[in-house]
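Colleague: First to last, the protein sequences are chains A and B.
Take the first sequence: its position 25, counting from 1, is numbered 25 in UniProt numbering, and each next residue is one higher.
Take the second sequence: its position 323, counting from 1, is numbered 323 in UniProt numbering, and each next residue is one higher.
No wet-lab data here; the hints were simulated from the structure.
Take these hints with a grain of salt, some might be off.
Unchecked claim - One-sided and incomplete, this derived list gives chain B residues near chain A with beta-carbon spacing under 7 Å: (1) T202; (2) T260; (3) F286.
To be verified - In the DSSO-like style, the derived pairs of lysine-lysine whose C-alpha atoms are separated by at most 30 Å in a straight line are: (4) B/K277 to A/K195; (5) B/K358 to A/K195; (6) A/K243 to B/K148.
Said to hold, decoys possible - Some, not all, of what chain A presents toward chain B, calculated at C-beta under 7 Å: (7) L71; (8) P148; (9) M154; (10) G164; (11) L188; (12) W224; (13) T232.
This structure is a prediction, so every number in the text was calculated from the model and none was measured.
Here a beta-carbon is modelled for each residue, glycine too, at the ideal position from N, C-alpha and C.
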Amino acid sequence: MLQKPRGRGRPSTQADPERDWGGAGEEGPSTSRAAGGSSQGSRASLSAPTVGPRTQKQLELKVAELVQFLLIKDQKKIPIKRTDILKHVVGDYRDVYPNLLKLAAERLQYVFGYKLVELEPKSHSYILINMLEPVEADAEMRGDQGTPISGLLMIVLGLIFMKGNTITETEVWDFLRRLGVYPTKKHLIFGDPKKLITEDFVRQRYLEYRRIPHTDPVDYELQWGPRTNLETSKMKVLKFVAKVHNQDPKDWPTQYCEALADEESRARPATASAPATSS
Amino acid sequence: MSKEKCSLTGGKEKRGELVRSLAWQHLVKQEEEEAVKKEEKEEGEDEEEEGSDSSSDDPNPEPPCMHPDLLELVVDREKCRKIRRQYRQLIYTVQQNREDIVNTASDTLSEALEEANVLFDGVSRTREAALDAQFLVLASDLGKEKAKQLNTDMNFFNPIAFCDLLLLFVGFNWVEEECKEFSDCDDSIVLSFWGMLHEEATSWMLQAETFHFIFGSFKAERSARKPRLGCHKRACKMEGSGDMPTKLRRLDVHANQETTEKEVERILGLLQTYFQKYPDTPVSYFEFVIDPNSFSRTVENIFYVSFIIRDGFARIRLDQDRLPILEPTNVSQVDDESDSYSYCRKQGVISLSLQDWKNIVSTFEISEAMIKNSY
């Protein structure tokens with residue numbers, strides 16, 4: 001296969017990929033038709049001069065591989081690095097990587113209702129978030145989804161937010177101890193709770209965990225990580241806390257104002273974090 | 001000189017006050033002793049250090065009689081050591097009482113700062129100044145925490161209440177009566193508590209459901225630990241390939257169709273051999289298609305057999321017990337009845353749930369599949 005980019009000036013360059021794309025559209029297997037909508041849009045963008053003589057089928061297959069890779073990588077909820085995507089899936093298709101990613105993101109959205117989001121601008125690591133607002137009845141449909149750790153995560157997130165966006169690790173354990181979760185004791189559900197909170201949640205980027213300087217004995221502080229801001233928001237966490245209290249979110253004026261400001265700032269840069277735009 | 005000394009002792013007295021003002025009386029003595037010990041150790045180190053300093057100074061061609069300047073330096077040293085000790089003591093005390101300083105509205109922190117201020121008057125060398133800086137960092141850190149404390153006081157957020165409300169929220173208001181500690185509770189209570197909380201929490205998050213294969217993915221066996229340096233690269237490669245799933249050689253719709261045809265033919269062959277062997281006894285449909293070891297194989301078999309029926313190589317009938325049986329359509333035996341069967345096409349839907357399958361396997365006591373895997 002010819003990988004080298006062809007000369008821009010040559011007239012054949014324009015025709016070649018065009019023919020490849022068009023021709024394969026008719027011969028392609030039925031699966032490629034399902035994504036007809038997205039491939040239509042991509043034809044123009046993918047016929048960039050760098051595209052070698054790849055058939056549409058090959059590109060469709062690559063996109064499908066990428067979708068599967070992203071879904072499987074998401075199992076562990078650890079952000080997916082661009083280098084891993086390039087290494088394991090994209091390979092020789094590096095030149096069309098941005099378009100592959102864009103198409104994969106489109107398909108994830110059409111089929112699963114998931115949004116592929118860059119964790120932080122220019123971080124080159126991605127996560128999937130659910131675009132569909134959760135419905136109460138979904139909980140029953142969901143079935144057994146492994147260990148129920150979201151409750152613990154939500155509690156920690158709530159504590160952090162209510163305590164002014166930072167909390168010491170000691171405070172977290174003082175709280176969780178009352179719920180039967182000890183840092184050093186094996187827990188029925190969470191196994192090693194200290195590892196779950198200070199390692200797993202941190203690697204998944206739900207939490208930031210850092211040493212507080214000049215403390216003796218050494219203590220650490222916990223804050224929200226970037227994933228938290230994408231999957232939930234200050235307002236949602238406040239509403240969760242308020243619901244537990246059976247009170248109105250406005251009963252905590254400081255937090256409420258902060259959450260409100262956060263909502264407003266979210267509304268303004270609408271597509272700032274979309275992966276496609278960063279390419 | 002005397003004035004300085006006075007201020008120093010004043011500082012010491014103040015420290016005593018400081019210590020008293022904090023509520024850890026029963027520990028004071030012990031800690032004081034420890035502190036003194038620690039300091040003595042440090043002093044010892046200082047002494048050594050300074051001793052070596054002076055010894056390195058010794059070879060200097062100084063006159064044997066003590067120079068007045070040199071004498072003052074010695075006095076200074078004594079004073080500096082005292083200042084350092086006091087700084088360390090101060091830092092230690094504040095460190096120990098961190099919690100109290102942060103949580104109570106006392107003036108302890110400002111008193112400590114004042115004390116440090118007094119100490120700083122006597123500081124003339126970098127070494128002592130560094131200790132002062134260290135104390136200042138600690139004090140400002142505490143100040144920050146105190147400020148935060150003030151903030152949360154205003155917010156009326158009470159973690160302890162939150163904790164109790166969490167239990168209430170899930171409907172566990174009786175927990176406190178039944179078991180003193182949540183950790184003493186029954187496993188099922190713990191499970192349902194976190195389960196319910198998990199459900200509630202997921203409705204506040206946009207977490208993507210994780211994708212899993214119905215029958216799981218291939219087990220990624222841990223690759224054997226990398227052979228020691230001496231080993232060949234080829235050996236590594238062999239080991240690595242153990243992790244890979246078998247690659248799909250060809251994925252083609254046509255190829256798929258071919259396999260269906262082949263399977264149908266194979267199964268027809270099986271059926272016909274049976275008919276030849278026992279020409280008078282029709283085969284029970286269930287016994288023929290059910291694979292007791294695999295539900296999916298069973299479904300496949302039903303699918304293949306349906307082709308055989310459609311093409312008229314066999315037919316399904318209900319026997320006297322109203323159980324489906326398969327019997328051959330004998331070409332020679334073409335009478336009116338069978339004619340009407342073969343030409344009047346009938347459609348039927350077979351439903352088979354996993355539970356049905358299990359029931360059939362146990363009822364018919366099927367221990368072996370009649371249609372064996374071809375691969």
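Colleague: Indicate, hint by hint, whether the structure satisfies it.
Modeller: Going down the list of hints, with the structure as the test:
Because the smallest distance between the Cβ of B/T202 and any Cβ of chain A comes to about 5 Å, under 7 Å, the interface hint for this residue holds. At a threshold of 7 Å, the smallest CB-CB gap from B/T260 to chain A is about 17 Å, leaving the interface hint violated. For B/F286, the interface hint is violated, since its Cβ never comes within 7 Å of a Cβ in chain A; the closest pair sits about 31 Å apart. Restraint check for B/K277 and A/K195: the C-alpha separation of about 66 Å exceeds 30 Å, so the hint is violated.
Proposed proximity of B/K358 and A/K195 is contradicted: the alpha carbons are some 42 Å apart, above 30 Å. Of the supplied pair hints, the one linking A/K243 and B/K148 holds, its CA atoms being roughly 25 Å apart against a limit of 30 Å. Checking A/L71 against chain B by beta carbon gives a least distance of about 4 Å; that is within 7 Å, so the hint holds. At about 3 Å, the closest approach between the beta carbon of A/P148 and any beta carbon in chain B falls short of 7 Å, and the interface hint on this residue holds.
Taking 7 Å as the C-beta contact cut-off toward chain B, the hint placing A/M154 at the interface holds, the least distance being around 4 Å. For the restraint placing A/G164 at the interface with chain B, the shortest Cβ-Cβ distance is roughly 5 Å, inside the 7 Å limit, so the hint holds. Look at A/L188: its Cβ gets to within about 5 Å of chain B, closer than 7 Å, so that hint holds up. The interface hint given for A/W224 is broken, as the beta carbon of that residue sits about 13 Å from the closest beta carbon of chain B, more than 7 Å.
The beta carbon of A/T232 comes within 5 Å of a beta carbon in chain B, closer than 7 Å, and the hint placing it at the interface holds.
Against the hints set out earlier in the document, violations occur for numbers 2, 3, 4, 5, 12.
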